[in-house]
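**Q** Keeping their order, the protein sequence lines are chains A and B.
Note that full-length UniProt numbering numbers the first sequence so that position 19 is 19, with each residue one more than the last.
Note that full-length UniProt numbering numbers the second sequence so that position 70 is 70, with each residue one more than the last.
No wet-lab data here; the hints were simulated from the structure.
All values derive from a computational prediction rather than experimental measurement.
Wrong hints could be hidden among the right ones.
Using 20 Å as the maximum straight-line C-alpha spacing, the simulated DMTMM-like pairs for lysine to aspartate or glutamate come out as follows [to be verified]:
#1 K373/A <-> E3/B
#2 K212/A <-> E3/B
#3 K157/A <-> E299/A
#4 K115/B <-> E299/A
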Amino acid sequence: MKTTLTTTALSTLLALGLATAASAEIRIGATLSATGPAAFLGDPEAKTLEMLVEEANAAGGLNGEEIALVLYDDGGDPNKARTFATRLVEDDEVVAIIGGSTTGTTMSIASVAEDAEIPFISLAGAIEIIDPVRPFTFKTPHTDRMACEKIFEDMQKREITTIGMISGTDGFGASMQAQCKDVVGNYGITIAADETYNPTDADMTAQLTKIKNTAGVQAVLNPGFGQGPSIVTRNYKQLAIELPLYQSHGVASDGFIELAGADAANGVRLPGTALLVPGLLAADDAQKSVVDAYKAAFEGKYSTPVSTFGGYANDAWLILSNAITTAGEADPAAIRDAIEATTGLAGTTGIYNMSAENHLGLDLSAFRMLEIKDGGWTLVE
Amino acid sequence: MSELLQFLFSGVTVGAVYALVALGFTIIYNASDVVNFAQGEFVMLGGMLTFAGSAAGLPLLLAAVIAILATAAMGVLMNKFAIEPARGAPVVSLIIITIGASIFIRGGTQLIFGKQIHTYPSISGDTPIRIMGATILPQSLWVILGAVLVFIGLWLFFTRTLLGRAVLATSNNRLAAQLVGINTNFVMTLSFALSAGIGALAGVLISPITMTSYDVGLALALKGFAAAMLGGMGNPKGALVGGLLLGLMEALTAGYLSSQYKDAAAFIIILAVLFFMPQGLFGRKSTERV
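Next up, chain A with everything else stripped away, as it sits in the complex (with noise of 0.2 Å):
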């Protein structure tokens, strides 16, 4: 009898400490692909989320409250995406979202926030996400369009009207090949050849060498990941094809100059974040101060190189903390109008400057053209 009182006590105290604690805290959910083929996205973001979570905490939270993270890993499935989103707005009843490593498991995220209007930060890739605009649903990372452009831009100020494209025919390259095909013409370039390799091929010699034999091509584009634009770095220096290669955003780390080889990767022009470069940004660069903390303090944390992807989440937090802070409150409502006012926040990623008809409020100098030299980055402007 005794015990049993003691229990009915210790719960009926347990039961009241956690309802204090619950009024006390502000919610945040997260669903993210730390393990499965999206692993090298998830699993910097997650590692980012939950140190920047703890150091926040450390602070005194935000606006005197505590932040509790409920992290889901949903493997890349979308439906299993979907399936944690409805438990974040359901069981969890979180406040706001962050998540959705890939356009796939995005996609799903965002209906059920959208159902909930609860807002939702996505760390996703693809313009559709964002375009057309739903209301609760924003993304930090820059589009593959951008990346285009960027690069067209570049073209443009070298002069270069006629180029070779030769894709991955991965999601990333497919996707991006398709964006760079539409945006083009706005350029005044034309692609002259238009060629593709499977990213595990082990040679892409006979597609280079059908787009140097093709008249009129001044440059070449390679959307594409992982080891395929390595191999296409290469064989371009194999085949001693004298044009300028650009690659995308999706090979921007030191990786890939040592696949490549410092020999080949010379002179070799691509879109990269400020997060990529950090030595290189000028002192009074409004990204310098943002970027240098969150690389100190991931490199110190987990002792492995920063990524773009974990940039994305480190970009999240800020506009989501900045949000709560700003509205004073953790209501859904309150934190997405606070959302959409966001104005000139750097992230290592670029300056947000969000608005009713644009949620993810970076432009074209997010990207930084960069130029391999000598086994290292520089900047091109």
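Position chain B relative to chain A; hints supplied.
**A** The following block gives chain B in isolation, referenced to the frame of chain A:
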């Protein structure tokens, strides 16, 4: 002219990669009629372990030898713990077990070595060799040489040595082979070790060209399997010719038609061959004696 030559070089480079993978399939197939879908994982292990060894400071050659031996041991373990306990199961079940083993090896490699893509220096540098306006990398020649040597070795093994014939006998009829005094357990162990070793050698040779990461095995296994089917499963000559043909078809389609149809064209030709010659180009006619 130089254009055609370049397409041929490209085809031979890729074809030699496929041929080396396909050659690995022949031994286990000859010993047990099982298509070992973990063959691609053996190739991956060859490349990954060589990289890991050289990153740990070993000379490249030593790292490669260790990688080949370790992968061969992996093959033996796979036989011991996955194939042998399922003795007597239908061939299809055994093939499914090899798929399971391949997933296991891939997962383990991902956990231990991570998800990054790696490469290491070519054996004799990256300066392309120029022939009549076309270029080929020295490493491609090493891959071709490796494929030819493995082919000759296997061919001699299966036709000229008692042990090689014992492997064929085991495949033909395990019970009869046992009755004439063949240690079929040893034959199976040996074929897994050899097959894994050849796979690893393929991985060692091709990684400077194709790069390597924990997940390259599946694609290589599929292409190697297609090459082996085209040439005739279980026949080293078929593996070599099938691999080179597949590579050439891909390169020529990419060069003259469009790279969009590269894989489709190759597979349509394979289907056509198999439709008219179900045993592949060099396959043995299988007649069941009852």
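**Q** Which of the listed hints are not met by the structure?
**A** Numbers 1 and 3, in rising order.
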